[in-house]
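Peer 1: Protein chains in written order, with the working numbering: chain A, 354 to 992; chain B, 425 to 531.
Please keep in mind that the hints were generated in silico from the structure rather than gathered at the bench. Check before you lean on any hint, since a few could be wrong.
What the hints assert, rightly or not - Under the rule of at most 20 angstroms between Cα atoms (straight-line distance), these lysine to any residue pairs were calculated in the SDA-like manner: (1) Lys533(A) / Ala729(A); (2) Lys638(A) / Gly469(B); (3) Lys478(B) / Thr504(A); (4) Lys836(A) / Lys447(B); (5) Lys480(B) / Asn929(A); (6) Lys836(A) / Asn431(B); (7) Lys478(B) / Lys533(A); (8) Lys480(B) / Thr622(A); (9) Lys712(A) / Lys912(A); (10) Lys675(A) / Gly511(B); (11) Lys447(B) / Phe504(B); (12) Lys478(B) / Val601(A); (13) Lys480(B) / Ala595(A); (14) Lys675(A) / Tyr506(B); (15) Lys871(A) / Ala926(A); (16) Lys478(B) / Pro640(A); (17) Lys478(B) / Asp603(A); (18) Lys448(B) / Gln625(A); (19) Lys836(A) / Tyr506(B); (20) Lys868(A) / Asp928(A); (21) Lys478(B) / Ala617(A); (22) Lys448(B) / Gln671(A); (23) Lys675(A) / Ile479(B); (24) Lys508(B) / Ile479(A); (25) Lys675(A) / Phe451(B); (26) Lys478(B) / Lys913(A); (27) Lys478(B) / Leu614(A); (28) Lys913(A) / Ala880(A); (29) Lys478(B) / Gln625(A); (30) Lys638(A) / Leu614(A); (31) Lys675(A) / Ile490(B).
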Amino acid sequence: MNVLMKLWPAPVGLVLALASSSALAQGAAAGAVTDKYRWLTFAVFGAIIALTMYITYRAAKRTKTAADFYAAGGGMTGIQNGWAIAGDYLSAASFLGIAGLISLNGYDGFMYSVGWLVAYITVLLIIAEPCRNIGKYTLGDILAFRNNPKTVKTFMAISTITVSTFYLTAQMVGGGVLVKTLIGIDYEISVVVVGILMLAYVVFGGMVATSYVQIVKAILLVIASLVMVVLVWSQYGFSLPAFLQAAVSDPSIQGRVANLLGDAARNMTPEQLGQRFLEPGLLFKDPIDQISLGMALVLGTAGLPHILMRFFTVPTAQAARKSVIWAMAIIGGFYILTLFLGVGAAMKLGPSNIAAVDKGGNMAAPLLAQYLGGGADSMLGNLMLAFVAAVAFATIVAVVAGLVLAAASAMSHDIWVGVIKGEHATSEQEVRAARICSVIVGVIAITIGILAKGQNVAHLVALAFAVAASANLPVVLLTLYWKRCNTAGVVAGLVVGTLSAIALVLVSPNMTYPKPLKAAAQKVVDAAPTRIAKLEADVAAAPDPAAKATVEKAVAGAKKDLAGAQDTLKKFANDNTSIVGLEAPLFTLKNPGIISIPLGFLAVFLFSLFYRDERAASMWDELYVRSNTGLGRAAAAAH
Amino acid sequence: MNGQSLNWAAIDADPRFRELHAKKSSFLWGLMIFSVIYYFLLPIGAAYFTDLFKIKLWGVINFGLIFAMSEFIVAWVIAFFYAKKAGEFDAMAEAINQQAQHIGGKR
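Pulled out of the complex, with its shape left as it was, chain A reads as follows (with noise of 0.2 angstroms):
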């Protein structure tokens, strides 16, 4: 601990920040910043990262004791704690996300949305205060109350580091190709930057660096949201009809929505495609999918470790209660702001030229922002570009460093000090083993980030949720809320939980399927010379220059068509069938939650009546009091 202490002067956080952003310019290739602005990406790169290793020194003179290190002693106000889950919660899946989903597909992308938000209605009625007064540091602590202390937490802790580990991969690939189309610096770096500053607010500042710097980061991103808001809105003169009424109109998203229906489009006029873009189904077909996909938000949220561990740096219930309701109203307020990104991304680029630089639309913000600064050629532009991207950048690293502390405290609290040292370590001891573990997630994650690169990770959140809302709540719901819950269902609904939707998930749409892909590969190899040779005769053909450049621009297509077709058959030649050795999907939702979801909450009522367990009855009546009147609530203070 004081070793760690000395390692950290003044200086090493400027160094720190100075080295990371020199690391970036010396990665630097092409990305969405022009080379000319490229040192204005840098400086405001290099400001914000100063300023979070700034907050991290003066959070690690404060974190001394277990505590401290993971609930920031317990000193969090409601209004702060609400600030940080909103920052933990808003990462660069719905900055970027769904502003880009809007954009693209209109309707379908806000209504996406919309259950990242009812979410926390689970949290705020069921979850958050019973958490605040039976809780101590991690979920295992909720459930050891009055269940087999060693038992649970081991297996508590087990579904704590998968949840966080699907959700950690998929935010450092994610950030990691972000950070790559932003500022053109190489993947490895981007990953290699993210994981060690992340490991310092971790290691160094431990939960109380890790709070303010979401604080920070969410307020940057309401700021800059906010500001981008009133710059496109202003134009339609604060009108939404206005304003999506000019939507409607606007041809590149006409032209969007015909290239989405296809032929169904043929009969429609140029204002109806407009109208179609506000109106569902442009993106999701299977409405069971949805479905099954807002029962994993709905419950998974109330048992995302990372979000649940944020309980514990509240000192009373009613706190809680209020940093739920201030997360709600931030993250709702967000939520409806990225509909006018989304739209007015739509309408100021293009929805074929925001799916040009990204194919999911992420770009869409970071390049609306380039925009209503002046455009690519202007100096506000390209700073409001380097703004935005940067507070992007400054999520992934928060969003990483919220996952990696609760996987490491699940490690060091349950795992270390509950069942291997049986609850008998020091403070010190108990903070260099969080610290330690800090550091082996973190390496872990740099890893798993490198060696999954160009992998799809996007379905890896999906699940996370869905794991989250099949083992987790299930279990912490019964054992705070059902008198007969006992250790056995407990095990049984995590194993059962977490596995069912894992296996789901390994067999249905999300997987990679060769045979498919190699058949539509095949098809577009087959017709492309005679494509290819009967578009070089248009060029032949054209009538005037402008017309010729058209018909060559799809020379150009086909030919990549081609190439891509090629590289397909070539990546697939020796492959038939997904990883787990089939050839077709055989579940067809992308979402398991509405199969496991039942599946865990059964194993969790079906093992609990088959086995007795005298303990869980006993203490009954000592938790269910506890968790509704906060009586002899474990002040994480007082420790």
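Since chain A is already given, all that's left is putting chain B on it; use the hints.
Peer 2: Below, chain B alone, put in the same frame as chain A:
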């Protein structure tokens, strides 16, 4: 407060705690069920009641958009409503906590 000396079973059986439990449970679970049903009406409506969702109500703004926005409003109203109601539960819990040492005698 150190809770080790309290008689938990007696507090659990105390009429004041029973009253808190009954009020809180029916309020919270009622609100929870309402919010879940209201939320799932959105994907269900978007998939099966598209004609309703397409009806234009305010310029180009259709029922579907208004309904999606109402989800935000309803979530905030539930949060606000609960925050107000929770003051009542807090007061009841506080009254029990004050008496906790005396309920059912020391163990």
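Peer 1: Each hint should be assessed against the structure and marked as holding or not.
Peer 2: Evaluation of the provided hints:
For the given pair, Lys533(A) sits about 18 angstroms from Ala729(A) by alpha-carbon distance, which is consistent with the 20 angstroms threshold. With a C-alpha separation of about 13 angstroms, the suggested pairing of Lys638(A) with Gly469(B) holds against the 20 angstroms cut-off. Restraint check for Lys478(B) and Thr504(A): not satisfied, since their Cα atoms lie roughly 53 angstroms apart, outside the 20 angstroms limit. Distance check on the hinted pair: Lys836(A) and Lys447(B) sit about 18 angstroms apart at the alpha-carbon level, within 20 angstroms; holds.
Distance check on the hinted pair: Lys480(B) and Asn929(A) sit about 49 angstroms apart at the alpha-carbon level, beyond 20 angstroms; violated. With a C-alpha separation of about 18 angstroms, the suggested pair Lys836(A) and Asn431(B) falls inside the 20 angstroms cut-off, and the hint holds. Taking the CA atoms of Lys478(B) and Lys533(A), the gap is about 40 angstroms. The hint is violated against a cut of 20 angstroms. Taking the CA atoms of Lys480(B) and Thr622(A), the gap is about 17 angstroms. The hint holds against a cut of 20 angstroms.
Between Lys712(A) and Lys912(A) the alpha-carbon distance is near 19 angstroms, which keeps this suggested pair within the 20 angstroms criterion. Straight-line distance between C-alpha atoms of Lys675(A) and Gly511(B) comes to about 12 angstroms, which keeps the hinted pair within the 20 angstroms bound. For the proposed pair Lys447(B) and Phe504(B), the alpha carbon gap of about 18 angstroms is at most 20 angstroms, so the pair holds. Restraint check for Lys478(B) and Val601(A): the C-alpha separation of about 14 angstroms stays at or below 20 angstroms, so the hint holds.
For the given pair, Lys480(B) sits about 14 angstroms from Ala595(A) by alpha-carbon distance, which is consistent with the 20 angstroms threshold. A C-alpha spacing of about 11 angstroms is found between Lys675(A) and Tyr506(B), which places the hinted pair at or below 20 angstroms, so the restraint holds. Restraint check for Lys871(A) and Ala926(A): the C-alpha separation of about 9 angstroms stays at or below 20 angstroms, so the hint holds. Our distance criterion of 20 angstroms between C-alpha atoms is met by Lys478(B) and Pro640(A), whose separation comes to about 17 angstroms.
The straight-line distance between the Cα atoms of Lys478(B) and Asp603(A) is roughly 19 angstroms, inside the 20 angstroms bound, and the hint therefore holds. For the hint pairing Lys448(B) with Gln625(A), the CA-to-CA distance comes to about 50 angstroms; that exceeds 20 angstroms, so the pair is violated. Of the supplied pair hints, the one linking Lys836(A) and Tyr506(B) is violated, its CA atoms being roughly 25 angstroms apart against a limit of 20 angstroms. For the suggested pair Lys868(A) and Asp928(A), the alpha carbons sit about 8 angstroms apart, so the restraint of at most 20 angstroms is met.
At most 20 angstroms may separate the alpha-carbon atoms for a hinted pair to count; Lys478(B) and Ala617(A) meet this at roughly 17 angstroms. Between Lys448(B) and Gln671(A), the direct Cα distance comes to roughly 15 angstroms. Compliance with the 20 angstroms bound is thereby established for this hinted pair. For a cut-off of 20 angstroms, the pair hint linking Lys675(A) to Ile479(B) is broken: about 38 angstroms separates their Cα positions. Restraint check for Lys508(B) and Ile479(A): the C-alpha separation of about 16 angstroms stays at or below 20 angstroms, so the hint holds.
Proximity of Lys675(A) to Phe451(B) is assessed by CA-CA distance (about 18 angstroms); at most 20 angstroms being required, the pair is judged to hold. The hinted pair formed by Lys478(B) and Lys913(A) fails the criterion: a straight-line CA distance of about 39 angstroms is larger than 20 angstroms. The hinted pair formed by Lys478(B) and Leu614(A) meets the criterion: a straight-line CA distance of about 16 angstroms does not exceed 20 angstroms. At roughly 13 angstroms between alpha-carbon atoms, Lys913(A) and Ala880(A) fall within 20 angstroms of each other, so this suggested pair holds.
The straight-line distance between the Cα atoms of Lys478(B) and Gln625(A) is roughly 11 angstroms, inside the 20 angstroms bound, and the hint therefore holds. Proposed proximity of Lys638(A) and Leu614(A) is supported: the alpha carbons are some 12 angstroms apart, at most 20 angstroms. Note on Lys675(A) and Ile490(B): the hinted pairing is violated, with a Cα-Cα distance of about 28 angstroms set against a maximum of 20 angstroms.
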